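The listed protein sequences correspond, in order, to chains S and H. Here the first sequence stands for residues 625 to 1622, numbered as in my numbering. Here the second sequence stands for residues 47 to 634, numbered as in my numbering.
Wrong hints could be hidden among the right ones.
Taking lysine to aspartate or glutamate and the DMTMM-like style, the derived pairs with C-alpha atoms no more than 25 Å apart in a straight line are [what the hints assert, rightly or not]:
| hint | chain 1 | residue 1 | chain 2 | residue 2 |
| --- | --- | --- | --- | --- |
| 1 | S | K1277 | H | E621 |
| 2 | S | K1277 | H | D82 |
| 3 | S | K1343 | H | E621 |
| 4 | S | K1277 | H | D87 |
| 5 | H | K174 | S | D1264 |
| 6 | S | K1277 | H | D314 |
| 7 | S | K1343 | H | D87 |
| 8 | H | K575 | H | D388 |
| 9 | S | K878 | H | E598 |
| 10 | H | K174 | H | D87 |
| 11 | S | K1476 | S | D910 |
| 12 | H | K344 | H | D259 |
Hints listed in this document are in silico derivations from the structure and should not be mistaken for laboratory results. Bear in mind that the values here come from a model prediction, so they are computed numbers and not experimental data.
Listed here are the chains, written in short residue letters.
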Amino acid sequence: MLFAQQRVTGTIRDSQGPIPGATVTEKNVPNNATGTNSDGKFTIVLRGKSNVLVIKSIGYRTQEIRVTGDVLSDTYLQSESKGLDEVVVQGFSNKTKITSTGSVSTISAEKIRNIPTSSVQNTLQGRLPGFTSQQRSGQPGKDASDFQIRGISSLNSNGNKPLIIVDDIEYTYEQLSQINVNEIESISLLKDAATTAIYGIKGANGVLVVQTRRGEVGKPTVNFRIEGGVQNPVKTPKFLNAYQTALLRNEALKNDGLQPDFTQADLDLFQNGSDPYGHPDVNWYDVVFKPASLQANTNIDISGGTPNVKYFISAGALTQNGSVRDFSGPQSEVNSNFFYHKYNFRTNLDLKATKTLDLRIDLTGRFGDINAPKANSGLLGEIYQYNRISPYAAPIINPNGSYSYNPKSIGADNLPTINSRLATQGYNRERSTDFNILVQGTQKLDFLTQGLSFNGKVAYASTTKLERGLQRFDDPPVYRYNPTTDTYAMRPGTPRYVLSPLSLIARPGSTYKSVTVQGILNYNRDFGNHNINGLAVFNQNTTSDLAILPANYRGYSFRVGYGYKRKYLIDFNSAYNGTDRFLKHYGYFPAVSAAWNISEENFIKDKAKFIDFIKLRASYGLVGSDVVDGNKYLYIQQYDQSSSYNFGVSPVKYSGFSEGTLGNPDVTWEKYKELNIGLESNFLKGKFALTVEYYRNIRDDQLINRNSVSAILGVGLPKDNLGSVLNQGVEGTFNYRPKIGNLLMDFGLVFTYNKNKVLFKDEPFPDYPYLLETGKPIGQPFGYTWIGYYKDQADIANSAKPLGTVPIQPGDLKYADLNNDGVINDKDKSAIGKPNFPPNLTLGLPINFTYKNFSVNILFQGQLGYSLILGSNAIEPFQTQLQDIHLQRWTPATAETAKFPRLSTLNNSVNSPSAFPSDFYLVDAKYIRLKTVELHYQLPSKWLPFGINKLNAYVSSYNLATWTNYSLYQQDPEVASGSQGDSYLNQRVINLGVQIGF
Amino acid sequence: MKRYIGKLLFFTVTALLVLNGCKRSYELEPLERLSDDYVWDTKDSLGTNAEKFLVNIYSNLPNGFNRVSNDYLDAATDDAVSSAVTLVPVTNVQLGGGYDIFDNFDGTWAANYKAIRAANTFLNNIEKVPVKGTIPTGVPLRKAWRAEARFLRAFFYFELVKRYAGVPLVGNSVKDITSEDVLIPRNTFSDCVEYIVGECDKAADSLRTDPVDDGNFGRITKGAALALKARVLLYAASPLYNHNGDVGLPGGAAAQKGLSGYTDYSKDRWKRASDAAKALVTYGRFSLEAKFKDAFIKQNSPEVILSRNGGAGSSIEVTNGPIGLGNPTGNGRTSPTQEFVDAFLTINGKPISEDPISIANPTGYDVNNPYLNRDKRFDASIFYNGKQWLNTQVQTFEGGVSKPGTGVQQTKTGYYLRKFMGDYETAGNYGSTYHNFNYFRYAEVLLNFAEAENEYLDAPSAEVYNTIVQIRKRAEIIQNSTPATTYGYGLKDNMTKDEMRTVIRNERRIELAFEEHHFWDIRRWLTAKQVLTGTLHGKKILRANSGLVSYETRDVQQVSFGNANRYLFPIPNSEMIRNGNLVQNPGW
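Chain H on its own, in the form it takes in the complex:
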């Protein structure tokens, strides 16, 4: 009996062995993974999966709000300092570091090439998918998608060009792993500009026209293509790239010629830039939003050309709002500088130094009450001591709720950044506000036009004046100047080209602040060395028991731009050693 049981057991074990040995309990291919055939489905006339690939290309667009380790990029300029208690990347930049051949606080080399590859992959595969349908203009949907991908690719190239100047142009093919295929040399700056402009031109007419329908808000439109073209040409005409070698930039070896900019100066580049901006004005589909602050929080503002649809919430308020106010309480990440505050005009449209308050001029600048009588954009951009917020007054005096002085993150300058926030002046707490980051808005196009046109002409034309007037009018600046002038709004008559340049650059600074313009503007104008040398300031605000407030200027941050080679980013060292065909930017 025992023997019998034993044998039975033995054979059971053997049988199990054999059975298990033959049975396949799991699939051999990883079926839960998405395959090529699935994404580029040759039978799907809706292109559902292919469109998801297009969405992925969009998702590579940068998110501008507090993008750089929780700071705004422009907190690396003279406009603001980070309130962080630790040494953050933007502060490193202000100290003369932040980017070198090893580390780059804004190192987007690989990220943009990844996005460019995605666009190429889309363009190379979308023809396999029999997408039916058209957009309202009658252009086939598939063609419109292609144009979107082309625009995005151009956008990503411009992200590279404004950092590194001429970069390798990959072309249309999707590169293979064999390293020979990617050992591409840099194209000249000129080639890159022409490539981006050409792509915008080719894409423009296949894209949706403006204003886009509600469901497609956020998509690339013809307006975006025109706007990118105008911006690229404006940058290209700027002194950083468009010079005769006489602007104090480090000279390059023969191999570097043409990579970091044009090899000669041409005034006509300004003309081309102004024409490109004008084309968007003539297009006639955009206009300025009635209220400056609404341009950032309204969903379908007529001013917005392309924005990243960030959805609704209170993230901006919580990240940048004054500390001690709101629930959750603001973290006051950004401290605008006194330099930036002083750049705001008076309500008369004049610089504060030229417009002191007096009995004759009751709307002038009052040193003892410095926040009165200012350009309305000031109120929409800056939290200052005494400004109404969340139904109370912002206290940035020493010991105030928003400036307690202890170890927590708080303003270093006496100011917080108000821009981009919802209307919570009289609200009890933060609610939900749309926060779209504008890549292009109409005000920029106008300023692009004014700048390029002024640079092209020998003296500013009426058209230049009128463009600035449009901006200032929207900023609710008083029209009637004392003494009276032709154009009003604080604009002097018969300004020289240089005077007008100062006006336009200042206008650009306050109008487009923290929208990732100033960081690049001070570079392309070659003014960064000047504005980032010395000390950035803030206010030490003291409140006496009587409630009387006094202001003292305080040093906030030593800054140094460093050598002139820093106007361009260096090609990452890791790329230099991997691709022997690359040539470094001069001075790095």
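One chain only, chain S, in its complex shape:
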């Protein structure tokens, strides 16, 4: 028998160690609560009579403990894997792991908080099944990955973007990438009809749900985190030097029947480097880029609360520097380097206004500055282009300190060197300001009927962008130095001896605004063994941006669920919602889902105790997509302002009207029929866990261009609901968590296998069936089949070849003449390789070791089953700078071992990847990456002074190592196919951080 005012101490742990920050509340005394410290310890004074403590922690099953003494023995919480009451995010409301019937995968933000990248979506690859992304660029502030949930299924290029919901409010891709991970509690993917149908017309591409952190009852805790890191490119391009390039240039010119550019004397000078001004040899990559750049990240958050007021307040600052060297000097003081500065804050407040009314007010702001040099934001692209610069184009700087130019540049005459323009031409800066506010009230309506509540919210989200630049529009004065006469020649054309003045540029960017109003009625009640729950949602959203037509959306969503003893569950989800994009505004999107918790059956409970949990579930339903390219009202035809024409001896411009694209009054949303079957299980008290899902989805009525109508019609055709695609896949996770003494380990496997097939795309039937795109995946590349090199003139005469190109010579790429007509033309193109995105298989191997206060987290991540082909500037000689691969060219002597066709200076030849895309250039890519490595040490709390109760030090890294399977290209495996492979290089980051808690 215990008395009130009993003081109880204890430790809360899980199988891996103490749990800091768990909430301990006395049952039936809601305002008597405390939290555990960094060693998992707590002290509480009991005031009530229940003698029961309720222990809660995110990611763990809530546990009630009867207190029998003043010191509680260590209490082990069941981790997530066994946490059947763990909250599972569902549209507009939450369920628990055991009562959910849909397909959801969730990651706690705790796991990704230390990953040194500025965009949230870059951290999810390989961690969440069903999530696929590729990071196309590493530019500070613009490095967010493209991502998809369960692959792609729409022929509409914009029709595959997942819906992003942050605290129930729709966000844009860009807003998501700016969110500070420190503010996030968890990220969930909603993947099947059961979970997405409630989003109706917007749910077809899956939903990514972010929940931000909220205050917990307890003392204020302050978290301070400071990190600094070094970024360097994952892979830097290597180019041949001036001598090698000149040698190959002469060879190529000879192949083309042209005179050589360089004499033997020139070649000798390139080789011995004795004439650095007349015969320069410059590695422009090294001139422009530095090997490493820095980044820093600082965050602070304060959270805590009383039962009446709970708060989470955070602020952060991120600086990411660019990789360009500092060229500012006496001639120019502006910083033209790339950089990204981001500041953000969040205040999440929960107020208990009355016993039955909860209020919530969230305020968020983000301010970002992205800087890029005016000279060229695609700097690497310029270095890749032989027509712009070459190792022998110009010296870096003339002996008298002036800048030089490339007299042979093509496209821009006598182009001043990159360094001269970087130094003088200034910068362009994009400033974006995000401001969001959300106000919500939740009123319990138990007085009407038990278990009913109403939740209403209004949210306003806005992004305002401004571009500001300090720029010179004219090229700097540049001179050509002649070492023989020691004279300088002005660049021909426009003579200029001084820099033109800097101009200040300011122009508006976007002014995105989104207003959302939601009302939700929620009902959940148990009647003995029966549970009935229901949900009704009203949701209205208006978005607008500058002159783009505002989009209006309104929806009503419903859910009715029934559960028997938590064993048999069935849910009906539906949405009735509409958009003003279509003449018939509203559509109905139903879904049904059911689950069977096999482990709740007695035969498992009694006979198979090693099974903790097994659930089988299935769902089937319809979801929609209202994405319309160009934000147009497709259902009406309109007239456009068109080209003008001059009349009159003194010409007067008359403006014109033309007939716009025809209207399609029947236009409607895309319909996605989704079938999902899933199995979730845990064994041996969470030592093993396995989740597997299979889905088979068909997307009909896709809004695509009619492609079978003759051009004789003479007018643009509206999009029509014609396309159909089958999208299917298998995905899942497997975890094994062994323990050897104090060494805790967790090995995971996350796999995402996905494949799609176009069932219909209004394609006229081609002359040969292999030209048909129907039946192939979306984005299937077509091209020639490479069968070797033309050996000699006889071979050329006897083989099929293309007409009207640079005449074929021995050593040119030879392609299969699929239709045997003796000519290589478009009729010989067939499906080659695979689409670039999404890859068929995305794998993640998360590995965790914890030993006392040390922990190591590793993620290997890989993608297989996709193709990569790059454009001419990446690979075609003398479009691109010459690279090692060009040394392995075809010559009569090396015909047998050649890895690259004969060199030519003429573009668009049969060897060009852009004019003749073939499987010579299309590589079947795959890669494995050591995506993140994190070493973590938590100082024992007894060592900590000044009231600090937690101090973590960690080293984390991003993109530490990469293995690829191709040698043709030197680019990162995540660059976009068809691009020149010259976007800002993806970065490897090594980061050092300290986290302090008070």
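With chain S's structure known, arrange chain H on it following the hints.
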């Protein structure tokens, strides 16, 4: 108190919800878009918006200057090569490619059908608009507009016919999206010619007469309708279409008969062509401009029948002018060939091979000074080494300012194209010049007449001779020939029909160069195979330190016309597979 605030907040939220839910903050229709009713306004007697629709039809007329990926169409013939350092479409054509069933460097199938639809849309809707007013001839304005649209439609059809021969004639209706409506088979070549001629005839008398008033310069006039008719009939009478199957073109299947040309030869077609050209001469409203070069840069030249009013500027000079000269400096896009340069006559009106310089003939052709004593059109068409320009001399010798030899775009032949440019021989820099692309000018009509008449007759008549004389006179060719002849201007007496044909074709080549005639002429004459086989040449010009200049012929471009099916463009494969009723041209 706290409870009270909470409730208040709750109701505020609810109220906001309800209010926002009901309020319509944006218009339901896209009001900023132009509707049908707005364009075809049934109350506007000025027809302001309807006229804008007509302007749109005009804007579909091709712009001939450097039209094909920055090159002249005629740089795909033996007259010039592109100076581009990359492989450009016109060069592809010279190599025997450039157009096949998939790609067409000049693929205007869809563009012309779009323009034809626009004309039909206009004709079908303009009656709704109560346009008042008349043109000076007394014809109601609305009727004149209709005639302009009809002419333009005929013009666009001819753009198709000269490429593909017989094409589907859409008729007057505006087609609907249902694909049955546009699965139209090709009409015969003959049908298409008659349709275009008929449309010109119907439009002619409702159009403005010539010369048109200053404000309407650039509009379709009666002269344009007569000129289009004359050109269409000239083409139709030409060997490519008007033959007995004995000219070496690929034979067609039964279904192809009549589509790619007439099924028989008829001499009377030449007569019809010559009559049509004569009608324009008789019309009497046009005459040759005094100076050849002014026909391209003067705003209201009496020679111009219809041109695209390009406004004033220096674009032609900058695109095609010699590199290294002017500010902005010329880009020297077009390199005329030696073949073209050699086609220019001597100032005596004779071919250079027949008119060597001598003491007795001081105005003859000098191999060592090849640009002296040439037809004045040469000086107005070609930049050659030593020609005065921008107050200096053009240097196309190796290493000269305009032929530096390094990687930049520059002449490949030693020549640049002077034609169409303003008078900048003595100017310090480029100024502003009117650049109108002439669709029809009087010199062409005269040459059309001379050609058709010569082909019709057994031997050239005085009328044929006199027509050529008119052209040569304007070209400032010396009238008195040695030995003296009846007509002078270098024209021999008693030429046979074949000799006269050679004279007329050469005259046409140098007079109408780069005006999008030669490309089609060598096709309709079936001479493309002959002139586009082998090598095109230029000059390698060397200057010794003494300043002495020497000339060497250099090979510039291997050319190949390819098979005879290439005389016509193929119907695009994409159209063939979409419209099962289409029949491909023979040999494709």
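Okay, which hints does this one fail, numbers in order? 1, 6, 7, 11
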